[in-house]
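Student: Residue strings, one per chain:
Number of protein chains: 8
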Amino acid sequence: MSNQKPKAAVIMGSDSDLPIVRKTIEILKKFDVEYEVNVLSAHRTPDMAMEYARSAEQKGFEVIIAAAGKAAHLPGVIAALTILPVIGIPIKSSTMDGLDSLLSIVQMPSGIPVATVAIDGAENAGLLAVQILSLKHQVLKEKLIMHKADMERAVIEKNNKIKEEVF
Amino acid sequence: MSNQKPKAAVIMGSDSDLPIVRKTIEILKKFDVEYEVNVLSAHRTPDMAMEYARSAEQKGFEVIIAAAGKAAHLPGVIAALTILPVIGIPIKSSTMDGLDSLLSIVQMPSGIPVATVAIDGAENAGLLAVQILSLKHQVLKEKLIMHKADMERAVIEKNNKIKEEVF
Amino acid sequence: MSNQKPKAAVIMGSDSDLPIVRKTIEILKKFDVEYEVNVLSAHRTPDMAMEYARSAEQKGFEVIIAAAGKAAHLPGVIAALTILPVIGIPIKSSTMDGLDSLLSIVQMPSGIPVATVAIDGAENAGLLAVQILSLKHQVLKEKLIMHKADMERAVIEKNNKIKEEVF
Amino acid sequence: MSNQKPKAAVIMGSDSDLPIVRKTIEILKKFDVEYEVNVLSAHRTPDMAMEYARSAEQKGFEVIIAAAGKAAHLPGVIAALTILPVIGIPIKSSTMDGLDSLLSIVQMPSGIPVATVAIDGAENAGLLAVQILSLKHQVLKEKLIMHKADMERAVIEKNNKIKEEVF
Amino acid sequence: MSNQKPKAAVIMGSDSDLPIVRKTIEILKKFDVEYEVNVLSAHRTPDMAMEYARSAEQKGFEVIIAAAGKAAHLPGVIAALTILPVIGIPIKSSTMDGLDSLLSIVQMPSGIPVATVAIDGAENAGLLAVQILSLKHQVLKEKLIMHKADMERAVIEKNNKIKEEVF
Amino acid sequence: MSNQKPKAAVIMGSDSDLPIVRKTIEILKKFDVEYEVNVLSAHRTPDMAMEYARSAEQKGFEVIIAAAGKAAHLPGVIAALTILPVIGIPIKSSTMDGLDSLLSIVQMPSGIPVATVAIDGAENAGLLAVQILSLKHQVLKEKLIMHKADMERAVIEKNNKIKEEVF
Amino acid sequence: MSNQKPKAAVIMGSDSDLPIVRKTIEILKKFDVEYEVNVLSAHRTPDMAMEYARSAEQKGFEVIIAAAGKAAHLPGVIAALTILPVIGIPIKSSTMDGLDSLLSIVQMPSGIPVATVAIDGAENAGLLAVQILSLKHQVLKEKLIMHKADMERAVIEKNNKIKEEVF
Amino acid sequence: MSNQKPKAAVIMGSDSDLPIVRKTIEILKKFDVEYEVNVLSAHRTPDMAMEYARSAEQKGFEVIIAAAGKAAHLPGVIAALTILPVIGIPIKSSTMDGLDSLLSIVQMPSGIPVATVAIDGAENAGLLAVQILSLKHQVLKEKLIMHKADMERAVIEKNNKIKEEVF
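Protein sequence lines, in the order shown, are assigned to chains Z, H, F, L, C, S, P and A.
Residue numbering for the first sequence follows the numbering used here, starting at 42 and increasing by one per position.
Residue numbering for the second sequence follows the numbering used here, starting at 42 and increasing by one per position.
Residue numbering for the third sequence follows the numbering used here, starting at 42 and increasing by one per position.
Residue numbering for the fourth sequence follows the numbering used here, starting at 42 and increasing by one per position.
Residue numbering for the fifth sequence follows the numbering used here, starting at 42 and increasing by one per position.
Residue numbering for the sixth sequence follows the numbering used here, starting at 42 and increasing by one per position.
Residue numbering for the seventh sequence follows the numbering used here, starting at 42 and increasing by one per position.
Residue numbering for the eighth sequence follows the numbering used here, starting at 42 and increasing by one per position.
Chain Z extracted, bound-state conformation (with noise of 0.2 Å):
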């Protein structure tokens, strides 16, 4: 249905999220999706967030994946300033056991929506990313039901090991 590459911006807004969201990134590259991932703050460097927001989508991205942690308003600036679906991912931080980054991002008032996945929920948020693209670009739901197929293949083998092991 579509020739050009389905293409996916990764933000976070600290580059201490970056060992949690490689796991985006690797789902990202699995599915061959091309991506962007830049440290953008929405306190730090709030004009350059909004500015990336506004400009999103005239520059070919489909979705946005933006993670961040405590009071974390980073996915929900993002939305504001775009149409594009927004995925959250709520950084665990070293207080509140992620639950202030999760109902920061999640409770998001009417009119703003911000597709929010687990605490830490990075594969999720790539996986997440590549049903939506899927919509548009048809070979990844071919993809799609083969990584399905292999994560259950993965737990009859687990389910086999144990098996062994158990008895």
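These aren't lab readings, by the way, just hints derived from the structure by calculation.
Worth double-checking, as some hints may not be accurate.
[As the list claims (entries may be wrong)] In silico SDA-like cross-links for lysine to any residue, where the CA-CA straight-line distance does not exceed 20 Å:
no., chain 1, residue 1, chain 2, residue 2
1, C, K48, C, Q99
2, H, K100, Z, I186
3, C, K184, L, A190
4, S, K46, P, N79
5, H, K70, Z, I186
6, F, K70, H, K71
7, P, K71, F, K70
8, C, K184, L, F102
9, P, K64, F, K70
10, F, K199, P, N79
Take the given structure of chain Z and dock chains H, F, L, C, S, P and A to it, following the hints.
Tutor: For chains H, F, L, C, S, P and A alone, coordinates are given in the frame of chain Z:
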């Protein structure tokens, strides 16, 4: 890009969720998205729920919105059986202020994402669905831009009213 | 020390916050602080909110009070774009008993403080603003001392009343 | 009353749950309950999990013990497809201190109970299974009485040791 | 397999728990389980509660259902003195939204399990009792299958109604 | 006023609580309060625990300190069977950060109070016992005054040290 | 042992706490404990509160009961300035369901204990005071035994009533 | 506008808070704010703490920063006795992940505000103090603008580094 109308499935775990879910339906109507509404329980009608999930893509649905309360398994169980993006709405019930529904939906394990919105965030579930559908259905993009402008105007009007009232 | 009247900006994310925020306004009136009230949403009117934050100091405002609920980004987004002290009021909404608003406002990352008061603590937001303004406007110091004395007297009167009633 | 050996099914959502679930298995062994262990995911192997639930009774299982973490749907999904009693073990994962797993398992809607034990309470899951099985298998009753007596003795011994040590 | 009627003990820590516990009793009636209801407090009538627990098995009870609120010790105290399976119902009281009752019941230490259901989950407590009793009383198995079918039918009817109403 | 030495009973639900409870014992030693230490479980040795509670007053104990973790029933069960003041120490275990222990101890229903101290607050449990005992044993009052003075001096010394270090 | 009447001080942070605190007063009346009631705020009348704490022992008070809500500092501040046992009642206010009051009172640092009862647990605060006073005033011991017997009888009566009603 | 150097008081409830509070001191040094550091406990040195609060303004302090953990009363107690703005830093201790400290500081009753920053948010406490002081000390305004620019530059550099690394 597409001649078909965009098409969304809306399901809820109990008919008592309808007063909240109605806001999702209103958004879909406003954006002229075709939709089908079902009460399907992951626990009381598991076979129907699973069959629905498995066949959703073939029936032409492009996104699934699932609302559920308490130990809210419906969105995750649906997501396990489809490659379509699944949006989860945690419904607040009589105890725990919605925290049980939220955690049961958002904390999905790696491999099976659910795009979670706020507790009782049915309007945003509809808008997120429209944003996702707009990847394929360009006409929705313009409507989203207009919706954003309408929201902005509404706030400005309220601002003017408050200024008159406060002073 | 200063001939100008002290001047505060009061903003709220939604007009539904007004019944709470009114208590802030009453304090500002009582202390004869000049103020301006606006409904400005970090999400629905992001450009206006940011423009407001950027120009606040030049317009003569000396402190900003921002109230918001749920994923309450307004105070933090404002604080990102000004060097004025920003006071945040977490507004309790229909779910999570205000915990979402509180954490979204108080858990700000390093570099961008928000002076957070109690959930629905609008009166204290006003008093904190007056305390801050009193650094420059000496006249407020005397009024603060009188306000403290009034509060003390009110408790003493209540104590006397209760003693009559209880025995 | 019954000539058959009592028989329990033990399933877990991920092989990473085994270190906890092993305590369940040790109890079943100690009480000479026949058991089968499987890794079955409500999300990654939904068909296998559901088929397992549907056929469990016919295969002679009398009780099912299901362990899962985060948005822990496995026990509830199994319970939806069997009339056997299902015992749920909430597994603590890396965020939220087990609260997400607990609420996802215990807060089941009316109609589909899951007998929930403590977070990581695998030993108690085993004992609860034995108590349930003892309704039909009288021999287990005597063993339960002995187990209770052993626990009592162990506490008494520890008490004696502490008394020597403390004074 | 058994000629006796199945028999359950229902106890609650306070008569104020009855409006919730009534749903347990209705289930027991519906499944023709013999039952006895008592108000017994772990704190105000500790001797009676303990004597009741100790003699429950000899009196022919096969399962005990115990409801309690706040620091809800009743189910655990009963479980300490019997080898019968004990089902705990956390009752929501005026503070903490039921979280205190839930944690006081479900977080039992190793050795003494309590089969915990949802906060105010009295209907499920009854159904879980029936599932447990069905191990010995085969007749209950058929009734459970019919109950599941009834629940399914009820959801299907609600689904049909909603479809008429929504469109 | 009294010739007897003041006398306290210290009990804990598990020997694993001793590292925390040791701080209680140190305080009792320091204030020359006679004490007896026991491991007694409300769940594993219910008869011993209850017998201990019933006979505590006659054995000359004047206050009981009870430590327990998770669904911490020990202090409440003891309080149900004595008219002595019972002090409860919530012990933090491996999940829920001590919240389960705290709520299980502090949220006692009307009629049976437990004087609850902080999570792992064993030192304060000892001091509270001494304060209570000082009603009858005047000699403790002087020691409490000296203890308060010692604490004050310790803070002042730390203050002096920090001042040297910081500048 | 003592000819004086037992004597307790009852203080509350705000006159709005009286409807709860009244239950404390009723218990003190019932047990014929002399008492004085005051509204004293740690924040609005700090000097009076502190003076009250400092002089309480000399005025013949033997125990202090302090009720407060939100960031409830009153019991701790009082405890800092007296060696009398201080009982704290966390009052539930309009947000956070009493959790803020509970944690502000119970989580006292080492050295300054506050004997904390349940949220809104005013009746138990009174009973705990009586238990503490009974160390010195033997007459209270008999009354406590009678009170326990009354409670037991009340539960038995309720049990009889429910049995008539349920069947 | 002012010839005096800006002057802040930094106090903490325990010397164990220093590793966190050091970040406040570094900010004050960086902005050339005069400061005095003290360990003062609301509970162990109440008289000193109160005397300090009462005389702070006369000694030339313009803002007070107070750090405390657990039932963190220090900032509120100080705020009760001064009209200076008081900034509160909730310190995370060994239980409850800082939630107890946060609620004890932020949930102040009407009349006595404490400007609360994030749990362990000592750097922001310093910056907030500087923003407040800048009302009177114009020189700080320029430094704040430069600080904001530095933060922005730091993020941009990190962004550049990550881009090199990720691709």
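Student: Decide, hint by hint, whether the structure agrees.
Tutor: Do the hints match the structure? See the list:
1. C:K48 x C:Q99: holds, 12 Å
2. H:K100 x Z:I186: holds, 17 Å
3. C:K184 x L:A190: Given that 20 Å is the threshold and the Cα spacing comes to 37 Å, the pair is violated.
4. S:K46 x P:N79: Not satisfied, since the Cα-Cα distance of roughly 35 Å exceeds 20 Å.
5. H:K70 x Z:I186: Answer violated: K70 of chain H to I186 of chain Z is near 31 Å, above 20 Å.
6. F:K70 x H:K71: violated, 44 Å
7. P:K71 x F:K70: violated, 49 Å
8. C:K184 x L:F102: Holds, because 19 Å separates the two Cα atoms, which is no more than 20 Å.
9. P:K64 x F:K70: violated, 40 Å
10. F:K199 x P:N79: At roughly 9 Å apart (the allowed maximum being 20 Å), N79 of chain P and K199 of chain F satisfy the hint.
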